Amino acid sequence: MNIYRIKNMSSSPHKKNAPAQKNILSEKEKIKQQEFQEEAVGHINALYNYALHLTMNPDDAHDLVQETYLKAYKFFDSFEKGTNCKAWLFKILKNNYINKFRKNAREPGKVDYDLIKDFYHSIKDTQSDSEDLNAGYFRSLMHDEVYQALNSLPEEFKEVIQLCDIEGFTYEEIANMVESPIGTVRSRLYRGRKLLRSKLNEFAKKHGYNTDNEETP
Amino acid sequence: MSAAVDGELTLNEQEGFEKHIMKCPTCFSEFKEAQKTKSIIKEKITRFKAPQSLVNSILKLTETPL
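The listed protein sequences correspond, in order, to chains R and V. Numbered per our numbering, the first sequence spans residues 2 to 218. Numbered per our numbering, the second sequence spans residues 1218 to 1283.
In isolation and in its complexed conformation, chain V is listed as follows (with noise of 0.2 Å):
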């Protein structure tokens, strides 16, 4: 279920899969739940910009030799 909504399956697994969620209303419904899930953390997780003070000393640091 897991690789399926990771998109992780090989092309016969996926074959298999999506002919067997057709039938099968609680693996669809499964199915639908976990790709939601995905998405949601996918899209609602803030993310932050490091601050500038940091990717300059980054930059700094890739022009002293070590």
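Chain R extracted, bound-state conformation (with noise of 0.2 Å):
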């Protein structure tokens, strides 16, 4: 066998490959491995959950999640190194979600709570076994009623504030992903922030809490 063909064996190792060798990387491919495991693997759950808030439905989800790695991986030479790498993960997400929900998804602004609470039921029993579900927090009416509110914001609002307050994005990155210059970034924040806190002042009257500032001069 000459130097020739062995190099071309190792660079595409799943064809004509016996069975035993199927699975062997290329050092290059274990170099990229490496590399995709390191950078995108631990943003894991940080996927998983915004694709949860964007399908309300844990099996979409996880397709969804499990579809933009398979892309990442498959593009993760065009990711440059340096950027971050959560933000490039959740622009492949969402532009995956727009392909394949999105057109038959409710409108934007409108909630279904029943779907909510319908989402809040099937996450509790797909991860009841999760040693990190704690189920009074889980529980709790405070966190269902944020949960709520902010889900009944009109998806432009909701949006932001999620990649922003949740996610810990920068401008920069958010409008790189919704695709809106900073300026609307910001603007959607403010209004977003201000709607929102409408909704959990009605909210913490109903309930009792306290929403005096004592800050106020």
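Honestly, the hints are just simulated from the structure, not real lab data. Mixed in with the good hints, there may be bad ones.
[To be verified] Reference listing, derived: stretches of chain V covered by chain R, where coverage requires no fewer than 3 residues with Cβ under 8 Å from a Cβ of chain R:
1. 1227-1237
2. 1248-1257
[Said to hold, decoys possible] Beta-carbon label-pair distances, calculated as ranges:
3. P155/R to L1228/V: 31 to 41 Å
4. P182/R to L1228/V: 41 to 51 Å
5. S1274/V to G169/R: 22 to 32 Å
6. E1280/V to E203/R: 46 to 56 Å
7. K207/R to K1266/V: 44 to 54 Å
8. C1244/V to K75/R: 33 to 43 Å
9. R192/R to S1256/V: 34 to 44 Å
10. E81/R to E1280/V: 47 to 57 Å
[Claimed, not checked] DSS-like, lysine-lysine: derived pairs with alpha carbons at most 30 Å apart:
11. K207/R to K1240/V
12. K1253/V to K1240/V
13. K33/R to K1240/V
14. K1266/V to K75/R
15. K1240/V to K101/R
Computed from a predicted structure; not experimentally measured. Idealized CB from N, CA, C, for every residue including glycine.
Quick one: dock chain against chain with the hints and give me the complex.
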């Protein structure tokens, strides 16, 4: 066997290989695998939560995250090293979501509270074995209400608040993800938070929480 | 206002903003309210852990040549 042949085999080991060798990675692929695991796999929980928020369904979220990683791994060479990998993955997930689900999704801004209830129940069933899930915390009315308040916002406000406050992305990263100028992101955050505040205040009053701002002069 | 809450102001802008809110109760109160809203969302939204089956499938994916 000449060198050319060996080289050829290692660059496409999945082709024409004996079954015992089919899972052997080339050196280049090993490096890629290692880099991918270090850079990308650690963001799986954040991606899963984002996918849950978008799809409101654990099975769809599962598929969406899986497809996102498949695509990301395939195109990992196009990831610009030194930039935020989490932002890159979120962008892929969002694009996937638009292509796959959004055509049939609910109208932005409209909230189906039954859907949210179902979502909580289904996610609770799926995750009931998870050691990270504190049942008391989960059932807390406060958290449900905050979740519902956030979900009741128009899609464009909800999205930027999620990306900024929950995921901690910068304005520049968010602007890139939602394909709008930074000024738009800023004003959506401002208006979204204002709207959210009035919804949370309503809830707080209803349940006897103190809404006075003690620090106000 | 949002940029101040999110730490997106430049040093100069930040200084100017801080000076302003010390003199303007309306902006001060709005700033505090926006900060509070942000922290409620940050702290109260329940986070889920990705199912182990999903984590495994992703790890498996990276062990397979494309």
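Hint-by-hint comparison with the structure:
1. Proximity of the region 1227-1237 of chain V to chain R, defined as three or more residues with a beta carbon under 8 Å from a beta carbon of that chain, is not established by the 0 residues found.
2. Check on the region 1248-1257 of chain V: 7 of its residues sit with their Cβ under 8 Å from a Cβ of chain R, so the three-residue criterion for coverage holds.
3. One distance hint, 31 to 41 Å for the beta-carbon pair P155/R and L1228/V, holds here, with the actual separation near 34 Å.
4. Separated by about 23 Å at the C-beta atoms, P182/R and L1228/V break the suggested range of 41 to 51 Å.
5. Separation of S1274/V from G169/R is about 26 Å and conforms to the stated range, judged on CB atoms against 22 to 32 Å.
6. Checked against the hint of 46 to 56 Å, the pair E1280/V and E203/R passes, with Cβ atoms roughly 51 Å apart.
7. Between K207/R and K1266/V, the C-beta spacing of about 31 Å breaks the proposed range 44 to 54 Å.
8. Distance hint check: the CB atoms of C1244/V and K75/R are about 49 Å apart, inconsistent with the given range 33 to 43 Å.
9. Taking the beta carbon of each, R192/R and S1256/V are about 19 Å apart, not inside 34 to 44 Å as hinted.
10. Our hint of 47 to 57 Å for E81/R and E1280/V is violated, since their Cβ atoms are close to 25 Å apart.
11. About 33 Å separates the Cα atoms of K207/R and K1240/V, which puts this hinted pair outside 30 Å; it is violated.
12. Of the supplied pair hints, the one linking K1253/V and K1240/V holds, its CA atoms being roughly 20 Å apart against a limit of 30 Å.
13. For the hint pairing K33/R with K1240/V, the CA-to-CA distance comes to about 55 Å; that exceeds 30 Å, so the pair is violated.
14. A C-alpha spacing of about 25 Å is found between K1266/V and K75/R, which places the hinted pair at or below 30 Å, so the restraint holds.
15. Between K1240/V and K101/R, the direct Cα distance comes to roughly 51 Å. Violation of the 30 Å bound is thereby established for this hinted pair.
This entry does not satisfy hints 1, 4, 7, 8, 9, 10, 11, 13, 15, going by the numbered hints stated previously.
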